[in-house]
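*Asks:* Take a look at the letters that make up each chain.
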Amino acid sequence: MRDIFIEILTTIKHNRLRTALTGFSVAWGIFILIVLLGAGNGLINATMGNSSRFLATSMVVYGGETSKAYDGLGENRDVQLNDKDFNITSKGFPNNVKSVGAELSQQGETLVNGSDYTTGINLSGVYPNDVEINKRTMICGRFINELDLKERRKSIVISSDMAKELLPQSPLSLNGQMIRTTTLAFRVVGIYESQKNSMGNDAFIPFTTFRAIYNKGDKTGNIVFSFSNLNSEAENEAFESDYRARINRQHRAAPDDENAIWIWNRFTQALSMDTATGLLRTALWVIGILTLISGIVGVSNIMLITVRERTHEFGIRKAIGAKPWSILRLIIIESIVITTFFGYIGMVLGIAANLYMDATIGQETIDNGLFAIQMFTNPTVGIDVCVKATLLMIVAGTLAGMVPARKAAKIRPIEALRAE
Amino acid sequence: MIHLKDINKTYQGAQPLHVLKGITLDIAEGEFVSIMGASGSGKSTLLNILGILDNYDSGEYLLGGTLIKDLSETRAAEYRNRMIGFIFQSFNLISFKTAVENVELPLYYQGVARRTRHKLAMEYLDRLGLTQWADHYPNEMSGGQKQRVAIARALITKPQIILADEPTGALDSKTSVEVMELLKTLNAEEGVTTIVVTHESGVANETNKIVHIKDGIIGKIEENLDHTARPFGINGIMK
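Taken in sequence, the protein lines are chains E and R. Each residue of the first sequence is one higher than the last, beginning at 642 in our numbering. Each residue of the second sequence is one higher than the last, beginning at 51 in our numbering.
Chain E extracted, bound-state conformation (with noise of 0.2 Å):
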């Protein structure tokens, strides 16, 4: 092996410009196949974490316009969730359906406290499952809890950043304070962490107690529910359009209407980004190499040149006892040595290229106002990935190097002899 090393050492020392160039092509292969996978792995793991904020076993319901006459009436009524499907869901599906909220809110809210306030707040009767479904984390104090709800308690779950306007000395002790909305006072039961990631700019209060304020009579709002035993994409249909026939029925719809309701799934809606993530996985890989191939067509190029020049050389190993596989092996150890070293220069200076990306758009976050956006995060590769490049340069070194290594492995050295 040693010696075969040394072998292909000279003849590479031989030929600088013409290696460094193939070299060239099959390290910019790499780079741009590690790049590609990094940045879309950035892609992947923002759109993961901007979705990983929900329970993925829950869905939310919304009221919504009917699309179709049924039973006399006509279409585009307004559908309104109430209590009724509100005990449809909690008590109708005992199978699947865990636990049971809804959600009523009410916009530009302002909080008052003494001569702090912070204005435009979306305040929210929700029940004490919305913590989970919604994943957000207490930071001080609790949330709102079943008590609340019984006793229709003003108590007032806050974010850190209402928090940090209304005391801005010392945030977390206004837990247990009262402050005021534009018209009643409530108690901080709790405060959770700002998401910078999420929409609006929610403050919790009993859904019982918004819905005396608001007078909104037996109307529920959104009903947000966590489920269980839906495991596939087909359980998970059959679930809703059973579930949407009941609601529907309840309201006078067609029990197939899809606009009289709108239901979000959040699991399905995590499969179908799954196979959206793996689809995109895929489509970096072809790219890549496609790319490679380029490159690999370069080494082969040149090893066939390699051969050619070396036609005489190889007829005088052969007549002085070279074998066809020894020649075979001298030309494909060649090619892999060339395609995997300069392979390596490119995926270090792609995993760099990557690293760079991390320290930069890596770390912006798009922000619109309502809510931020991560574009990229963490956009490197795994080390899976490197060893899949490796194995691949392998490969495609000893597919480089096949041709012309057959070419050579067939020379005739009486032909070869000749050559000169």
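Each hint should be verified, as a subset may be incorrect.
As the list claims (entries may be wrong) - In the DMTMM-like style, the derived pairs of lysine to aspartate or glutamate whose C-alpha atoms are separated by at most 25 Å in a straight line are:
#, chain 1, residue 1, chain 2, residue 2
1, R, K169, E, D644
2, R, K147, E, E950
3, E, K654, R, E190
4, E, K1048, R, D120
5, E, K654, R, D185
6, R, K264, R, D104
7, E, K709, E, D724
8, R, K71, E, E1056
9, R, K208, R, E173
10, E, K1051, R, E123
11, E, K1048, R, D104
12, R, K147, E, E648
13, E, K1051, R, E128
14, E, K1051, R, D107
15, R, K208, R, E123
16, R, K208, E, D644
17, E, K1051, R, D120
18, E, K1051, R, D104
19, R, K169, E, E648
20, E, K795, E, D724
21, R, K264, E, E1056
22, E, K1048, R, E123
23, R, K55, R, E272
24, R, K147, E, D644
25, E, K1048, R, E128
26, R, K119, E, E1056
Derived by calculation from the structure, the hints in this document are not laboratory data. Please read these numbers as outputs of a predicted model, since none were measured by experiment.
Given the coordinates of chain E, work out where chain R should sit on it, guided by the hints.
*Replies:* Quick look at chain R alone, frame taken from chain E:
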């Protein structure tokens, strides 16, 4: 050692060329033979067949008792490596290898360990008086030195026959004499069967037996033990 019986060889082409028309020849062990003929006589083809570099169409070729016919590339390479030492007109040394590396090469293909083959190669270079040239590349050496390196490379596997194809063709007359003297000495001292192909009568005269080949047929075989085959061949090689 070499037994050729009715060897025929035709080069196929637009006009098939019947180059060897029934060559029958026996060369005993330790002989020093030359094959002489004009260009186009078929002597190079015969040498290629003897060196297992080319196939023949019909007949029988036994080398040291082994039938050489229709071998695979791999077997042919193996036989060439173990049985035959080649010396070429244009030396055919590998230009990017030093003298000692060139000499080592046949042993490399036998799978001999690095150190052993280096030691052996140095011994052979020493015998041919090239010790201080061991680390020089072919383009730093004279023609005579290169041919001596080639001879060392041919000898290192202890082959049964040495095939020399116009070994003096690229050398001046003084060096030619030296090379022929060297081959003669090796034949006399080591008893290596040596076959020299040449078209120069002076070179042929140095050998002990001259086989004349003409138009693909063996003409006459001269015994030449007193080296007087040609009037101008005594004590030198006519250039």
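*Asks:* Taking the earlier hints as the rules, which of them does this structure contradict?
*Replies:* Per hint list: zero violations.
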